[in-house]
Amino acid sequence: MKLPAALRLSPEWAPYVFLSPFVVLFGVFGLFPLMFSLYLAFQSWEPTSGLGAMAFVGLDNYAFALQDEWFWKSLGNTAWLALASGVPQHLVAIPLAYFIHTSFKRLRNGVVGAYFMPYITSTVAISILFSSLLSTDFGLINVGIKAMSELPGIGWLFPKHPVDWLNEPSNIKPAISMIVFWRYVGFNVVLYLAALQTIPKDIYEAATMDGAGRLQQFWYITLPSLKPMIFFGVTLSVIGGLQLFEEPFILTGGRGGSDQAGMTTAIYLYRMAFDFNDFGAASAMSWLLFILVALLTWLTNKAFAPRGPSA
Amino acid sequence: MRDGTQSMRSRRAWTGLCLLALLLPTAQAQETLTIAAFPAVDEIVRAAIPVWKRSHPTVDVKVVSRQFSDHHTAMTTALSTSFYLPDVMALEVGYVGRFAQGGGLEDLSRAPYNIKQFQSRYVPYAFAQATSRKGAVVAAPTDIGPGTLLYRADVLAKAGVSEEELTRSWDSYVAAGVKIKANTGAYLMSHARDMKEIVIRTGIQPGQGLYFDNQSNVLVTSPRFVRAFELARKVRQQKLDARVGAWSTEWSEGFKRGTIATQMTGAWLAGHLNTWLAPSTKGLWRAAQLPEGAFAAYGGTFFAIARGSPTEHKALAWEFIQLMTLNREVQLAAFKAQDAFPALLETYDDPFFEQPIDFLGGQKARLGWRAATTHIAAVDVHKQDAFADEVINTELDKVLDRGKDIATALADAQRLLRQRAYR
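Taken in order, these protein sequences are the chains called A and B. Note that our numbering numbers the first sequence so that position 272 is 328, with each residue one more than the last. Note that our numbering numbers the second sequence so that position 53 is 1421, with each residue one more than the last.
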């Protein structure tokens, strides 16, 4: 049954009509906030006075951000957290993926699924649960540590007193890194597993016939073949790590923690806008963070991207 | 066949249109006021709707309720764009100060509101809290939080400490804490920070805010800050605080198990302790005035009208606010149901104040809280107060946990705040 002539889509217009949902949504929720925040970064704006209260201040917000102690502190925190959660993710995911790739046949999907579960679970839900688990006196993690510290032989490795994970500045960072690591290691396993499956089996067979051991095969065949995927994974980790927000936000109750130890740049610029009511400075900081992310992504590219015809 | 289907369709369309047209006139006769609030203010508003309907039967009231911080973020966003503004918004005292600097709220001292004619009916400090530096009254107070010292009478008795000893001075308060720790093992307070919070609020001169004065000079190296830090450090050095944050699991457990002997807080905490924090400790607590004659306010709710709200509803919105804040029946109902201490002075002669409170072992604590309200002084607010709060807390943590020198800590705070005082 044909549509009436008025509603029929001409081939001329069809591409635009089919593209429009994405374009409209992207324009409204992606592009416009980006451009508005760029515009805001040059204004001084006290939000509750309404839109008309904006005043042009040029680079003042950027100057303020660059000499703000807390901005640099938050960058330091972000770098620490990004490294502490990002590096183990890849160091563990590569051997793990290799192990799963070579050892599991029928159970492989189940095992991969189990590692992948944290990635698809809501970050907020995970963080709320972990803040209960990390509670000093009643959390299961401290209960577990106490039990371990009483075991003969390895008991000396574990602290005897309950660890104050969330209030002690030196403990909140490892706690956050632990959760971020746990969340993304499965994602990276899936990536590396996919990459491993593209390596032709003949190369391994040839290597075995030449007398190469498993470790040598891993080091000389697997790793170089994984380079493109490592590049992809590390880029994602760099971007994600520098934009870390949800886990530290929930664990520190939205404030960044004692001595701002858990305050990443994303949390700080959110607080600048909504707690300290300085939208101009918050926007300037977000663009400074963007410049940093772009710079580090470019450096990652230089380090890992395949150059010229691949081997 | 085709003609028959089409005429069926057009008949249905016309019937639908006619029904819609019948509904429209009735829909227009009812107006709706939108009130944005957070728990438990939303319950207080809902409880007042029947009273509102008596005088305004054609005006419906819709309550939009969000969690505390979500609500204030939503109001910040709505005020910034003038979209989705409610007719009336409930604001907590911390946010009233911030929003007052902005100019996004209606000045209720101007016509047609003229709230100053009612000024004498409100608790003075609450009215002052809603008044901006330029004299604009941006909100009407609906409830207040007079500060009080809640303490476990049984723990004090076991330690041989009297209430007088506890409240005579800050030094005797700390000394009592030492005795309590020695004889019962209970902590004096939940966190040394509570000590700092009160002491910095004592001795504020006119023209001074908490952290900044009227000219945005930073005040954090003044004697009240030094004394606050010294007392907090003393509490920590003698291990008199439980080092738990307010509203954390450990904090409520501390109340349940009797390991926290006193808490300086708003009067409303007694209600929370009774309902969900530690109902099993009923009868063991008492309320006293804060030590060394200190008086402070903890919290307080206000109602405001945004400048960008629909103009045709503003008169009704103002009438609603008058109902919530100036009507004796509504204020007392909120007090009895939700423990919202009234900001309306004429409720203070109600016999409810003289009723013994079971949770506090039959003590007529409301009388003491009522007396405290006249002594509480309003503190000028500054745009950077929220940031200053954070900085001072960070420096205090460094003094308490890492033994940082107090003078250096306050000097560092001074430096950080001076950079932003004029933003």
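Hints listed in this document are in silico derivations from the structure and should not be mistaken for laboratory results. Incorrect hints may have been included.
[Unchecked claim] List of simulated lysine-lysine pairs, BS3-like, C-alpha gap at most 27 Å:
(1) B:Lys1682 to B:Lys1526
(2) B:Lys1421 to B:Lys1547
(3) B:Lys1704 to B:Lys1549
(4) B:Lys1549 to A:Lys202
(5) B:Lys1430 to B:Lys1704
(6) A:Lys202 to B:Lys1607
(7) B:Lys1526 to B:Lys1624
(8) A:Lys283 to A:Lys257
(9) B:Lys1526 to B:Lys1602
(10) B:Lys1421 to B:Lys1704
(11) A:Lys216 to B:Lys1766
(12) B:Lys1624 to A:Lys202
(13) B:Lys1607 to A:Lys216
(14) B:Lys1682 to B:Lys1430
(15) B:Lys1526 to A:Lys216
(16) B:Lys1484 to B:Lys1766
(17) B:Lys1502 to B:Lys1484
(18) A:Lys283 to A:Lys216
(19) A:Lys229 to A:Lys216
(20) A:Lys129 to B:Lys1766
(21) B:Lys1772 to A:Lys129
(22) B:Lys1607 to B:Lys1549
(23) A:Lys229 to B:Lys1502
(24) A:Lys216 to A:Lys202
(25) A:Lys229 to B:Lys1704
(26) B:Lys1549 to B:Lys1650
(27) B:Lys1430 to B:Lys1547
(28) A:Lys229 to A:Lys129
(29) B:Lys1526 to B:Lys1766
(30) B:Lys1421 to B:Lys1682
(31) B:Lys1704 to A:Lys216
(32) B:Lys1549 to B:Lys1602
(33) A:Lys283 to A:Lys161
[What the hints assert, rightly or not] A few chain A positions that, by computed beta-carbon distances, are all more than 12 Å from chain B:
(34) Leu107
(35) Phe112
(36) Ala140
(37) Phe194
(38) Met265
(39) Gly269
(40) Gln273
C-beta: ideal position from N, C-alpha, C; glycine also.
Hints, one by one, checked against the model:
1. Between Lys1682 (chain B) and Lys1526 (chain B), the direct Cα distance comes to roughly 58 Å. Violation of the 27 Å bound is thereby established for this hinted pair.
2. Between Lys1421 (chain B) and Lys1547 (chain B) the alpha-carbon distance is near 57 Å, which puts this suggested pair outside the 27 Å criterion.
3. Of the pairs offered as hints, the one joining Lys1704 (chain B) and Lys1549 (chain B) is violated, with about 36 Å between alpha carbons and a cut-off of 27 Å exceeded.
4. Of the pairs offered as hints, the one joining Lys1549 (chain B) and Lys202 (chain A) holds, with about 26 Å between alpha carbons and a cut-off of 27 Å not exceeded.
5. For the hint linking Lys1430 (chain B) to Lys1704 (chain B), the alpha-carbon distance of about 23 Å falls within 27 Å, and the restraint holds.
6. A hinted pair counts as satisfied when its Cα atoms are at most 27 Å apart, and Lys202 (chain A) with Lys1607 (chain B) qualifies at roughly 23 Å.
7. Distance check on the hinted pair: Lys1526 (chain B) and Lys1624 (chain B) sit about 17 Å apart at the alpha-carbon level, within 27 Å; holds.
8. This hinted pair checks out: Lys283 (chain A) and Lys257 (chain A) have alpha carbons roughly 18 Å apart, not beyond 27 Å.
9. Of the pairs offered as hints, the one joining Lys1526 (chain B) and Lys1602 (chain B) holds, with about 23 Å between alpha carbons and a cut-off of 27 Å not exceeded.
10. The suggested pairing of Lys1421 (chain B) with Lys1704 (chain B) holds, with an alpha-carbon distance near 21 Å, which does not exceed 27 Å.
11. Under the criterion of a C-alpha separation no larger than 27 Å, the hint pairing Lys216 (chain A) with Lys1766 (chain B) is consistent with the structure, at around 24 Å.
12. For the hint linking Lys1624 (chain B) to Lys202 (chain A), the alpha-carbon distance of about 24 Å falls within 27 Å, and the restraint holds.
13. A hinted pair counts as satisfied when its Cα atoms are at most 27 Å apart, and Lys1607 (chain B) with Lys216 (chain A) qualifies at roughly 20 Å.
14. Proposed proximity of Lys1682 (chain B) and Lys1430 (chain B) is supported: the alpha carbons are some 15 Å apart, at most 27 Å.
15. Restraint check: the Cα-Cα separation between Lys1526 (chain B) and Lys216 (chain A) comes to about 31 Å, which exceeds 27 Å; the hinted pair is violated.
16. A distance of roughly 45 Å separates the Cα atoms of Lys1484 (chain B) and Lys1766 (chain B); the hinted pair therefore is violated under the 27 Å criterion.
17. Taking the CA atoms of Lys1502 (chain B) and Lys1484 (chain B), the gap is near 14 Å; set against the 27 Å cutoff, the hint holds.
18. Distance hint between Lys283 (chain A) and Lys216 (chain A) is unfulfilled; the C-alpha atoms sit about 43 Å from each other, more than 27 Å.
19. Annotation: proposed proximity of Lys229 (chain A) to Lys216 (chain A) holds, straight-line Cα distance about 20 Å (limit 27 Å).
20. Between the alpha carbons of Lys129 (chain A) and Lys1766 (chain B) the distance comes to roughly 16 Å, so the proposed pair stays at or under 27 Å and holds.
21. For the proposed pair Lys1772 (chain B) and Lys129 (chain A), the alpha carbon gap of about 19 Å is at most 27 Å, so the pair holds.
22. Of the supplied pair hints, the one linking Lys1607 (chain B) and Lys1549 (chain B) holds, its CA atoms being roughly 8 Å apart against a limit of 27 Å.
23. A C-alpha spacing of about 44 Å is found between Lys229 (chain A) and Lys1502 (chain B), which places the hinted pair above 27 Å, so the restraint is violated.
24. For the given pair, Lys216 (chain A) sits about 6 Å from Lys202 (chain A) by alpha-carbon distance, which is consistent with the 27 Å threshold.
25. Between the alpha carbons of Lys229 (chain A) and Lys1704 (chain B) the distance comes to roughly 45 Å, so the proposed pair goes past 27 Å and is violated.
26. Restraint check for Lys1549 (chain B) and Lys1650 (chain B): satisfied, since their Cα atoms lie roughly 22 Å apart, inside the 27 Å limit.
27. A hinted pair counts as satisfied when its Cα atoms are at most 27 Å apart, and Lys1430 (chain B) with Lys1547 (chain B) does not qualify at roughly 54 Å.
28. Proximity of Lys229 (chain A) to Lys129 (chain A) is assessed by CA-CA distance (about 13 Å); at most 27 Å being required, the pair is judged to hold.
29. Our distance criterion of 27 Å between C-alpha atoms is broken by Lys1526 (chain B) and Lys1766 (chain B), whose separation comes to about 34 Å.
30. For a cut-off of 27 Å, the pair hint linking Lys1421 (chain B) to Lys1682 (chain B) stands: about 17 Å separates their Cα positions.
31. Note on Lys1704 (chain B) and Lys216 (chain A): the hinted pairing is violated, with a Cα-Cα distance of about 48 Å set against a maximum of 27 Å.
32. For the given pair, Lys1549 (chain B) sits about 14 Å from Lys1602 (chain B) by alpha-carbon distance, which is consistent with the 27 Å threshold.
33. Among the hinted pairs, Lys283 (chain A) with Lys161 (chain A) is consistent with the structure: their alpha-carbon atoms are about 25 Å apart, no more than 27 Å.
34. The claim that Leu107 (chain A) is not at the interface with chain B is violated, since a C-beta of that chain comes within 12 Å of its own (minimum 6 Å).
35. Against chain B, the non-interface label of Phe112 (chain A) holds: every CB pair exceeds 12 Å, the least being about 15 Å.
36. Every Cβ of chain B is farther than 12 Å from the Cβ of Ala140 (chain A); the closest lies at roughly 22 Å, confirming the non-interface assignment.
37. Distance check on Phe194 (chain A): its Cβ comes as close as 6 Å (rounded) to a Cβ of chain B, failing to clear the 12 Å threshold; non-interface status is violated.
38. With 12 Å as the threshold on Cβ separation, the claim that Met265 (chain A) sits away from chain B holds: the shortest Cβ distance comes to roughly 62 Å.
39. Against chain B, the non-interface label of Gly269 (chain A) holds: every CB pair exceeds 12 Å, the least being about 51 Å.
40. The Cβ of Gln273 (chain A) lies farther than 12 Å from every Cβ of chain B, with a closest approach of about 51 Å, so its non-interface assignment holds.
Comparing the model with each numbered hint stated earlier shows that hints 1, 2, 3, 15, 16, 18, 23, 25, 27, 29, 31, 34, 37 do not hold.
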